[in-house]
Amino acid sequence: MLGKYSFVFMRYAHIYKITAMYNIFKLSESDIEPLQKAIRKVMEENGIKGTMLLGVNEGINGTIAGLPESIDKFYEFIRSNPLISNTEWKESWYDRNPFEKIKVKIKKETVTMRCDANFDFTGKKGPYVKPEDWDEFISRDDVVILDTRNDYEFHIGHFVGSVNPEIDAFRDLPKWLEDNKHLYEGKKLATFCTGGMRCEKLTAWMVQDFYEETYHLEGGILNYFEKTRNKNKKWKGYCFVFDNRIAVDENLEAI
Numbered sequence: 001m002l003g004k005y006s007f008v009f010m011r012y013a014h015i016y017k018i019t020a021m022y023n024i025f026k027l028s029e030s031d032i033e034p035l036q037k038a039i040r041k042v043m044e045e046n047g048i049k050g051t052m053l054l055g056v057n058e059g060i061n062g063t064i065a066g067l068p069e070s071i072d073k074f075y076e077f078i079r080s081n082p083l084i085s086n087t088e089w090k091e092s093w094y095d096r097n098p099f100e101k102i103k104v105k106i107k108k109e110t111v112t113m114r115c116d117a118n119f120d121f122t123g124k125k126g127p128y129v130k131p132e133d134w135d136e137f138i139s140r141d142d143v144v145i146l147d148t149r150n151d152y153e154f155h156i157g158h159f160v161g162s163v164n165p166e167i168d169a170f171r172d173l174p175k176w177l178e179d180n181k182h183l184y185e186g187k188k189l190a191t192f193c194t195g196g197m198r199c200e201k202l203t204a205w206m207v208q209d210f211y212e213e214t215y216h217l218e219g220g221i222l223n224y225f226e227k228t229r230n231k232n233k234k235w236k237g238y239c240f241v242f243d244n245r246i247a248v249d250e251n252l253e254a255i
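Quick note on numbering: the sequence shown equals residues 1 to 255 in UniProt numbering.
Keep in mind the hints are simulated off the structure, nothing from the lab.
As the structure is a prediction and not an experimental result, all values here were calculated from the model.
You can take every hint at face value.
Cβ-Cβ distance ranges computed for the label pairs, FRET-style: (1) L67 <-> F25: 26 to 34 Å; (2) E29 <-> R79: 20 to 28 Å; (3) P82 <-> T112: 26 to 34 Å; (4) T112 <-> R79: 26 to 34 Å; (5) D249 <-> S139: 17 to 25 Å.
From the three backbone atoms N, C-alpha and C, an ideal C-beta is built for every residue, glycine too.
Construct the complete structure from the given sequences, taking the supplied hints into account.
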């Protein structure tokens, strides 16, 4: 009924901006605590809630939400801080803040994979496949599609034809890949996850130590939805997200 004005209506009905971001880089011990305090300060001052994780070998990873003008203040903070000024983000909207608290934590791993503590995740990693090219890529006979997420996430939604490792946690995936190499050996392995961070880590480990023919969906499922709206219906179901929305559809709308 709203026709061409539907997007405008959605934008103003959903007044909270949700921003997911990550930036993998080496963060020195001397910089990490001041950065943690600075992030918390700008979140508190602008009524922003959500979770930001910082790691010495992994940079930053998190999702936050707030009113548009508040999130814009956070963007200004990012651009003005030389440590994180090249961080990119993805946005969606909701009618209320899907987070209840502010969490800014320093972790050994921003996404737990339990690799060697000295592994360089800032080094070589698997090539990106752009969302616009993903459907064609995963339709090839020489490609195996791997869902790197947990079993419950797969059952909420996944790409048609993808392999489900049936893992309970991301840290279980490296062993599964080692034990099941026969499923993809000799083929290109196309990996995907929610926002891209898990695949950044996984493909770095795969390409550097285990299996070079490993690729990943640039920006993850959320970026795929934003860029393609699932026009070819390669995605089935919804995408689980780690906040009170629970899951979103191909239009990035909470279910």
